[in-house]
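Given the coordinates of chain A, assemble chains B, C and D onto it according to the supplied hints.
Chains as they are written, first to last, in my numbering: chain A, 1 to 414; chain B, 1 to 414; chain C, 1 to 414; chain D, 1 to 414.
Worth flagging that the hints you see were computed from the coordinates, not collected in a lab.
Worth double-checking, as some hints may not be accurate.
Output of the computed footprint for chain B on chain A, the stretches with three or more beta carbons under 8 angstroms from beta carbons of chain B [unchecked claim]:
1) 20-31
2) 90-99
3) 307-316
Derived DEER-like restraints, expressed as beta-carbon distance ranges [what the hints assert, rightly or not]:
4) B:P155 - A:A362: 15 to 23 angstroms
5) C:Q84 - A:R65: 50 to 58 angstroms
6) D:V223 - A:Q189: 37 to 45 angstroms
7) C:Q84 - B:R88: 36 to 44 angstroms
8) D:V19 - A:N231: 34 to 42 angstroms
9) B:P155 - D:Q189: 41 to 49 angstroms
10) C:Y78 - B:A181: 36 to 44 angstroms
Beta carbons are placed, not taken as given, at the ideal position from N, Cα and C, and that holds for glycine.
Each chain, letter by letter, is given below.
Protein chains: 4
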Amino acid sequence: MLTPLIDPTSYTAIRNRTVSLIADLEPEDLQIQTFPEASPGKWHMAHTTWFFERLILMSFMPSYRVPHPEWHLIFNSYYHSQGQLHPRNLRGILNRPLLKEVLAWRTQVDAAMLEFISQQPDTEVVKLIELGLQHEQQHQELLLMDLHLNLSAHPLLPAVKKLPTGESGKTVPLTFLTIEAWETWIGAQNDGFSFDNEHPRHRVYLHPFQIANRLITQQEFGVFIKEGGYNDPLLWLDDGWSWRMRECINRPLYWQDDLQSTYALSGTHSLDPHAPVAHISYFEADAFARWAGARLPTEAEWEHIAAHQSGIFDPNEFVESGFLTAKPAINREGLQQFFGGLWEWTSSPYTPYPGYRPPAGAVAEYNGKFMCNQMVLRGGSCLTPIAHFRISYRNFFYPHQRWMAGGIRLAQDA
Amino acid sequence: MLTPLIDPTSYTAIRNRTVSLIADLEPEDLQIQTFPEASPGKWHMAHTTWFFERLILMSFMPSYRVPHPEWHLIFNSYYHSQGQLHPRNLRGILNRPLLKEVLAWRTQVDAAMLEFISQQPDTEVVKLIELGLQHEQQHQELLLMDLHLNLSAHPLLPAVKKLPTGESGKTVPLTFLTIEAWETWIGAQNDGFSFDNEHPRHRVYLHPFQIANRLITQQEFGVFIKEGGYNDPLLWLDDGWSWRMRECINRPLYWQDDLQSTYALSGTHSLDPHAPVAHISYFEADAFARWAGARLPTEAEWEHIAAHQSGIFDPNEFVESGFLTAKPAINREGLQQFFGGLWEWTSSPYTPYPGYRPPAGAVAEYNGKFMCNQMVLRGGSCLTPIAHFRISYRNFFYPHQRWMAGGIRLAQDA
Amino acid sequence: MLTPLIDPTSYTAIRNRTVSLIADLEPEDLQIQTFPEASPGKWHMAHTTWFFERLILMSFMPSYRVPHPEWHLIFNSYYHSQGQLHPRNLRGILNRPLLKEVLAWRTQVDAAMLEFISQQPDTEVVKLIELGLQHEQQHQELLLMDLHLNLSAHPLLPAVKKLPTGESGKTVPLTFLTIEAWETWIGAQNDGFSFDNEHPRHRVYLHPFQIANRLITQQEFGVFIKEGGYNDPLLWLDDGWSWRMRECINRPLYWQDDLQSTYALSGTHSLDPHAPVAHISYFEADAFARWAGARLPTEAEWEHIAAHQSGIFDPNEFVESGFLTAKPAINREGLQQFFGGLWEWTSSPYTPYPGYRPPAGAVAEYNGKFMCNQMVLRGGSCLTPIAHFRISYRNFFYPHQRWMAGGIRLAQDA
Amino acid sequence: MLTPLIDPTSYTAIRNRTVSLIADLEPEDLQIQTFPEASPGKWHMAHTTWFFERLILMSFMPSYRVPHPEWHLIFNSYYHSQGQLHPRNLRGILNRPLLKEVLAWRTQVDAAMLEFISQQPDTEVVKLIELGLQHEQQHQELLLMDLHLNLSAHPLLPAVKKLPTGESGKTVPLTFLTIEAWETWIGAQNDGFSFDNEHPRHRVYLHPFQIANRLITQQEFGVFIKEGGYNDPLLWLDDGWSWRMRECINRPLYWQDDLQSTYALSGTHSLDPHAPVAHISYFEADAFARWAGARLPTEAEWEHIAAHQSGIFDPNEFVESGFLTAKPAINREGLQQFFGGLWEWTSSPYTPYPGYRPPAGAVAEYNGKFMCNQMVLRGGSCLTPIAHFRISYRNFFYPHQRWMAGGIRLAQDA
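With the rest of the complex left out, here is chain A:
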């Protein structure tokens, strides 16, 4: 692995970007937690700061004095090795510290971090700082996801952010590209930052398969609904059917019950038939694929395509574009919508790669302990910072979860 380089400018740019995401929001918007899995915005501002204070400053900068030691209990997320945890589902009850106090703490910690970086720390510590910045970027995406979910239960569906409106287009027909590949390698190369769960790079067999040129559209998913897809148990995994029945699921998250409109941070809007369907669970993606006579790709299939197709990268599909929503496909041949836009559900459970070992020390809990019961998504989304993306990146969620910006790309056996 190459030596990472952390410079004050990029540290400041990434940290400030988090703050910029809440520029037009109010303390009340960032306080509430409507769902157990969606942390309040204020908590994200604090937890990302905790990460640097706890794992860098307290461990490696002897001169640093912790201004609020009692906050550690409440802003530790899930690191048992770092002490007691406040329950995730109760983050919304933390009225104190106030938002303004959290932001003042951020400023203190950032000043200390810049001083620390200027002291040219060891490579190992620089790698931890780099992890902290990647962690910061993950939370930028989570902050937007969680804010959206937390606001969505409000009966008045408030508009809290001004967002630009994209142009729609005309959907290109759904076609499949056939891959004859038989043997490939997946996993991160050692040429830049990557998470532990992308390692080790390893050899896998691929059976011949076909991959769809684009994501499934809202219109196509509407046909699935109209033709009774939500009411036919034979289309569903057993756990999916139980979930659908228990939770009375009959449309994508955020779609309103008129099946004509959806809720965004900027308020309710008409559905765009050409835009990709988003905020569906693995269970829904899998049922749709079965209904369509297809299946979802494995993560190895997805990564193989991603690594071997050129010319399919569109930088406007990431969060820096400002849209916070995935764009429709454009009318051209070839694979589209592969990177950014929407995370794509794969049929692969999130398991360790052969020979995987979690890192030593404080960050051992970062990824490995979640390798059960979750499914892999690939490709990044419209909420992902572009610099955070990698072809080997493995995102993961439980099969019933829907609040990430996730969609459907079909595959088939060839």
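For chains B, C and D alone, kept in the frame of chain A given last:
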């Protein structure tokens, strides 16, 4: 009933007092809802305003224009006759309107109300306004109760209000006054405001009984704990024992597990052995009484005493004193701590008085529909506005509830 | 109180009657527990035996040897003073002892009891035996109630008992009798067995009131349903409305969703429009009364009528008639259906009478600890043994419970 | 695939074996359902009969008359294509049909099946009958598992079956065999019966690894407990830790809290230190492996070993031996306890093999719809019929489930 008099000064005074209660609090403090039964502070500010807008201005002031009609759904509490309801346990998710928007609305509504009052409305409407002000005062008490409860789950037990500290004293011995009364009347006289549930005034028999001179102290309740009161099912009502086991109850609400300190809005403080024990449920009060070889008084017994003893009223026991906590008994003979201080659990279920009828119209739901499964408390508390108190006042809570300022006065069969 | 007389013949008759109730049932019928509050039939057979073994034989007959001491844990119902308890809602998991083993134990205990009775025990012990026989009769009613409820969730609604079919009639019009009474006494006289909760007999005021001549019919309740009674929150107590919404209640228990038929132990049958509506909760009875412009009687009102009206007792309304269902009113003037038939919901919470004290010793827990959150029903039912009935008898259930044979008699303020 | 051969003798033998398993049990034992996932014994007797009646006789034998068509609703397990389902967790409420009625129905269906088999049905139908017999064998194992679980909550831990006691031995040391294999095939060959989920046979890479010579013993698992394995979150998957905390798990299922004894169908017995630890969840197996510095094998690793090692098959490790419990390892070199004894948790999620397709028709729901959230176990157990076992057999359970006879074999990266 006498004609009520509503003057602009008292309207403004009562309304402003509500705002003054939150003077030192922040938007985050007033946003959170930690328990289903405890509404956020912001919601109280809005709901009391809704009451005047909905029941007075919209009904009787044709020139009034509703500035935010969509807010009615979310700030109606439980009046089915007034339209749809937002679930009580989800009031904490309402990030919008912001606190500052709610306060601006209060100002608008108050201006309209003052104009309306100046037009000399009918007696019937004046009575509704008076009800609105009594309702406002009830919510002043609820606001403090709910704020306390909502903050109490914070692992750091934040201090959010500066409160004065009272002096402690030396407890006067517990004695009992014997009442030979056999026949009495209870219920509201028609000489001022009273709620429908205090009517009709009616005759009741009283068997000879004895009533304690003061409330049970924290020290006395500590003895109950030390001697195993929470662990002996034979002391408890069956429902109380189930509750105690299910919820792992082993001390009063807000007491910390060292049994030495308690949480107030001003932070944690040492217990005061001479101060009355507060924040106990009916189940605990009943078990304590059984352990002490006594019982709780009926509401008729309580009201009979209250109506026939003079010289027991201490104006410093109400919310205007600023203490927000009940004072210790003082060293003197005779009944004490009867009014204000702490609500006193009675052994009387909250049922309609013989011949009770709810009022007609919008306020029919105000009291009557709660006459099931709850127990009556009497006497007002340190959170009650003094002008809101009456001897015939019937407060009511479920037997497991503890977040009101409620305590124990013993009685016995004579 | 008179000296009780317990003779071997009546002991045997009462104990055998319990066994006769299960004559046509199978081990599987008596094993299942479908609802937490409904014990399996086998458990009733065992618990009533436990009562005699534990409270009489083990305490007062030194020569008695307990054949199965380990069964005490599982057949104690709610007597904390008698040791550990097996949870009520898990009685259905007790495959062992087998039904045949339980019945063999009954025989052993009965033989010992008869021997013990022949030794002419003390008055105090004879009173305990009498209590045990009253307890046995209570469980005869509970056994039938629980069996009915436990079977009712079976999707095929099995018929497990042959029951006679009564003749229907023509309902007499609903009229009200006016009572001018002002002062009366209620509670048990000391001239025979009574439970502790019927004491002390005490004086009460009664305001003038009216009482209905008969119970509300199934036809009348059907009108309430058709006119939207279940859908109008203004008719309901707040707790009742929450219950009705949460549990999706829209008709009496056992009524099928065609509103034409109902489930009995003998299978499904057409509703009888003239028969009284049964298996409704207090909440439903109260809502019906409000819809009808009336109210439910208090227990003092009910007992006052019951004690002062002669000629209204019909022995065919009790369990010995074999019908297990309440008969329609007959076409005649005057009060009807007062005793037996259906328990009648009163508006009185189940509270101690003034001066009440629970008995000392093992049976202190029999009644007193349930005096919270429940409502009183009066009058006995078609499942009650006739010898178990008294005018002062207080039955009690939670306001949402419906599996007792309970119905509606209206009252009004005069 | 070879043509299956179904002869009357083997049909009768397999069907009768199911009945023989309940020979010493009583109707009550087979009625109860203590846990939602564990069906009553009676239900298994009926459901296996339903399978033949519904999928063979009703579809292919025109002369067959269904004796109890109404039973189909309650004895269909999870085949949505075959009509409505009775909820799995409510099978214990089905008092009727009685056990004796179910057994009579079995006899009727078996007579019809034997007549049908004698008519030499088509190959496709014969394959369905073969599936029905495999299904029968699966339920023989489930019947014993469910009976054990259902009885285990009884506070008296009844002994309901006489079981032989095995001899214990001296554990052979734990060693690891190194496998250099790099490329292999897994999945069923087409030379006999196999389930759809074992297909298609396909090529997989194997990285070098090591596999333990035997299963982990009860003694070894006891050391894990004593050294705090259940209290160290860093040893656990995140979902596993949540489960362990929520359910207060601190020892294997059936172990008593003295950590000295365990509950079997024959009652409580001392633990055997040399016998393999059983009834642990995937979460526990995974935590143990991490504690031991090892990991669990993948299913491909397991199958590769199983297919290439000879001499490790011991017929006494299956249900026909009558022990219903796994034997200790014996003191010899080489791999042991591979087949029968205990199912072995693998680290492989239960997913479709590449190119997998569910069968057409009624049995499409048999396996495929469960391919989510479950983990694969391999190797058969002491409750498995020996003729039901195959090397390619994939059993699957949720990672928290423990009531199958499952244990731990460790693996390591080489």
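Verification of the hints:
no., hint, in the structure
1, 20-31, "holds (count 5)"
2, 90-99, "holds (count 8)"
3, 307-316, "violated (count 0)"
4, B:P155 - A:A362: 15 to 23 angstroms, "holds (22 angstroms)"
5, C:Q84 - A:R65: 50 to 58 angstroms, "holds (56 angstroms)"
6, D:V223 - A:Q189: 37 to 45 angstroms, "holds (42 angstroms)"
7, C:Q84 - B:R88: 36 to 44 angstroms, "holds (39 angstroms)"
8, D:V19 - A:N231: 34 to 42 angstroms, "holds (40 angstroms)"
9, B:P155 - D:Q189: 41 to 49 angstroms, "violated (60 angstroms)"
10, C:Y78 - B:A181: 36 to 44 angstroms, "holds (37 angstroms)"
In the structure shown, a violation is registered for the earlier hints numbered 3, 9, in ascending order.
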